Amino acid sequence: MHISNGMRWVLRVGTGVTLAFIYLPLVVIAMYAFNESRSQAWPIDGVTLEWFDRAVNNPGVRDALWTSVKAGLGATAVALLLGTLAALAVARYRFFGRETISFLVILPIALPGIVTGMALNATFSQVLNVDLTLFTVIVGHATFCIVVVYNNAIARLRRTGTSLEEASMDLGANGWKTFRYVTFPALRSALVAGALLAFALSFDEIIVTTFTIGGEQTLPIWIFTNYARPNQLPVVNVVGLCVILLSIIPVYIANRLSQDPVGAPGAAPAAGAAGARG
Amino acid sequence: MDASAASHRKPAGRGLAGFLYRRRRLRLSLLLAGPVGWLVIAYLGSLAVLFIAAFWQLDDFSGEIVQDPGFQNFKELIETPVYRSIVGRTVLIAALVTLTDAILAFPIAFYMAKVASPRARGLLVVAVLMPLWASYLVKVYTWRIMLQNDGVVNWLLDPLGIDGPGFGNVATWLVFSYLWLPFMVLPIYAGLERIPNSMLDASGDLGGHPWITFRRVVFPLALPAVVAGSIFTFSLTLGDYIAPTLVSSTQFIGNVVYSNVGVANNLPLAAAFATVPVLIMLVYLLIARRMGAFEEL
Amino acid sequence: MNAHRFRWWTALAVLTLALAALTAAGCGDDDDDDGGGGGGGDESQALQKLGKGEGEVNLVAWAGYVEDGSTDPNADWVTGFEKETGCQVNVKIGNTSDEMVTLMRTGKYDGVSASGDATLRLVAGGDVDPVNTDLIPNYKDVFPALKDQPHNTVDGVPYGVPHGRGANLLMYNKDVVKEAPDSWDVVWGGAESEPYAGKVTAYDNPIYIADAALFLRETNPDLGIENVYELDDKQFDAVVDLLRQQREVIGEYWSDYTKEISAFTSGDSVVGTTWQVITNLVQADKKAPPVEAILPREGSTGWSDTWMISSEAEHPNCMYMWMNHIVSPEANAAVAEWYGEAPANQKSCEMTDNEDHCEIYHADDEEYFDQVEYWTTPTKDCGDDRGDACKDYSEWVKAWTEIKG
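Residue numbers (the working numbering), protein chains in the order written: chain V, 1 to 278; chain W, 1 to 297; chain D, 1 to 405.
These are computed hints drawn from the structure, not numbers from a lab.
These figures come from a predicted structure and were not determined experimentally.
Among these hints, one or two may not hold up.
Claimed, not checked - Incomplete in silico selection of chain D near chain V, CB under 10 Å:
1. N90
2. K108
3. V177
4. K178
5. Y257
6. T258
7. Q283
8. D285
9. K287
10. K380
Just so it is clear, CB atoms sit at the ideal spot from N, CA and C, and this is done for glycine as well.
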């Protein structure tokens, strides 16, 4: 495709500006993580690894990290199950209310988190009289993670089409065998990508978590509490930096697995919902 | 393989699989039972509980919820000017943020979709996705530090003689635009990717220079993707309360809802106020669906 | 197809409505149970006997009240307590009295350091139990003026252990506010505020309305304001006008104390209301501008805090042990000095590092504290011959939202 050189340069500059905008605060976080003084003034003083040391030895961080992982795994598992089921139904069957399913699935993520959080909190504590625990957090997270898996799965199902499945059944395999040997392998990488992104979503979620958590802390809640403590800011910056760096791996994997250019249906809300789902 | 032996064997699953195969409706119901059940009962049911609470009242001294149904909360919301201005402010900033992100996202999305080499494309995708994994809270706090009186922004703008925005509405617009930008880049990128290069070439061949091609060919084709991305930028801005608390002193819808449910413990009023963003988003989603955005998600 | 369509939607609608009806019915019962029988002595009983510690205690407290050395290694009166009693202390910081009341209502905490504008609400809501002061040996050393006060005693039954008291102060950046102010007028938006427009700060909570009333009490005696928490229509409107005037010069409001610390440190705020602990922390930061906190001539609002025990406390023994510990001479002296307030225990005055601490904070000076208007919950009953004409707290909350805009 022909694009003039001038146009190319315009695009390159635009890309550069946008990337600079995106990465400026991240660079700032990194610098503050190494900042010698506790103060948040700019420019920073010296460089030190003291805060890294503190972060590693801080039991609060470790507990919060573990709780976040547990919540993420639970939510991802539920979302995988429900998202795949819904995607199979919508992609392979015609029935009334098909479009509504897409609408319904996207609602939890499209409506503000505070509404979801308040609603779940009111239901749990006042109607069901259930204690707020990790279980309630998983319920909350799973609800908006479904769409992530759903979109990825449905995109893949639409792309692979039914001909292979039909061929499989023509050759004598029953429904279950077809799923196991034909549909699932094709779906697998999309599901992994969806699962990774659902995990990311759950990992960084704060608002719904605030309303559905009991005495424990997930990592975002730990960060929030510690921002309110005057001398913990540097440690929090370190934690933030580590999360960014560690996330390169799953993002890269998710990208490769989607096979579709990541943007294709599925990855966008997946990625979008991840992280900044405040 | 002995054909006769094979035909006599009945694998355990066959019976059930066959049974299900004949019953399409049952299969479908089993598939849908889980997800739809979850979403309707757990999610919609919770929302119903919340919105019923919007019709109740609060006895302020003891803080007990009095189940005295009425429209008082809604009346209060409509009649008090400050609530109207808060909704107005939130919607305005949400719209500005959406517009800003669309403008910022387009060049990079186009570059990734049409110009970049496959390798560069992969790297760019990772580069855009990575910041999403940075903790939302850390990003907002970093912006607060950056926008402070003695922060990076002022330090950068000083030599140019300009004052930084400080805290306030401009700061929230800036921070929100920053936070939700990747949400806009990815769908637009996906949407642009789907536009065949031949169409763009054809437009050029027919005498259209780049701007015309953009206006008449690229933009209309990419619009559903832009709308898809805007669902997130709009909805996330509408309900957020953490960012406004940290970088501004003005109130947004999220702040009022949160302060009523958390601080004043006035769940009925909070629930009533929460219906506003929900209604706005429902309308937005319906329009977006009409425009084909759901296919681009 | 149309009939089909109709069936699906009706099914969905009926399901959701049925659910809603069910929950409404469910809600009815639940709320009655949870509501409790209001405050009072019949249902809620004070602990009769102190047993063994349960291993942990969950507190809701003001920032700076429960320090375990993580903010500053020298501020630690928790670790010793944990070692001695085996009760692990978990603290949730409440930024405002409203937050504390909400947290206590969840029933998940054992106790709270409540200010006067929270105590009676907690008692009325049945969220706290009376305190058996016989089980708290250090109680006898508390200043008599703090015991049996209207904000911590109901019908002669004590509901808490006094923690300490203090006044809200005016903090200013000495580099910017060159002349030391002696009046609140620098924050109220008039001519005196002009030089600092955009850098004034105020406490983000409806109770701050009382500060405006306090200022008008001095500057506008025609309004006849006496009790700053009991304002009738005319007084309230004047007060709200003053707050709107202030809004024009406000840079940001603070409810989270670290927010004010960072605002003064970075220079985003240069003058405004504060707690002594915030001033202490800003002064401790070498990169921060020099600040000073004073009590202006109009007086100030303040607080007299009480440790209360939850009616749903899971660790009552540990809570009693904590209450006894925090009001013991050493611990109370430590927290009073760290925070910057007058201690509750008379013996603490001998134990403070700074000998003059009690004098500076007027620990024994009842005349001084007569000028400090402790936070208390506004009610309709004006308490004087105006009758029920005053604004209650819900109206303060509404007004506050409108003022902030």
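**Item:** Interface hint for D:T258, Cβ within 10 Å of any Cβ on chain V
**Value:** Holds, about 5 Å.
**Prompt:** Once the shortest beta carbon distance from D:D285 to chain V is found, is it less than 10 Å?
**Reply:** Given a least distance of 6 Å, the restraint on D:D285 holds.
**Message:** Less than 10 Å between beta-carbons is the criterion; does D:Q283 satisfy it with respect to chain V?
**Reply:** Where the cut-off is 10 Å and the nearest Cβ of chain V is about 13 Å from D:Q283, the hint is violated.
**chain V contact restraint on D:K108 - CB to CB distance below 10 Å** = holds (7 Å)
**Message:** Please check whether D:K287 passes as an interface residue: C-beta within 10 Å of a C-beta belonging to chain V.
**Reply:** holds (4 Å)
**Item:** Interface restraint verdict for D:N90 against chain V (beta-carbon cut-off 10 Å)
**Value:** holds (8 Å)
**Item:** Agreement of hint D:V177 with chain V interface, Cβ distance less than 10 Å
**Value:** violated (20 Å)
**Request:** Using Cβ atoms only, decide whether D:Y257 comes closer than 10 Å to chain V, and label the hint accordingly.
**Result:** Where the cut-off is 10 Å and the nearest Cβ of chain V is about 8 Å from D:Y257, the hint holds.
**Message:** Quick check on the hint: D:K380 CB to chain V CB, less than 10 Å?
**Reply:** At about 28 Å, which exceeds the 10 Å cut-off, the nearest Cβ of chain V leaves the hint on D:K380 violated.
**Prompt:** If you take the shortest Cβ to Cβ gap from D:K178 to chain V, is it below 10 Å?
**Reply:** violated (22 Å)
The structure does not agree with the numbered hints 3, 4, 7, 10 stated previously, though it agrees with the rest.
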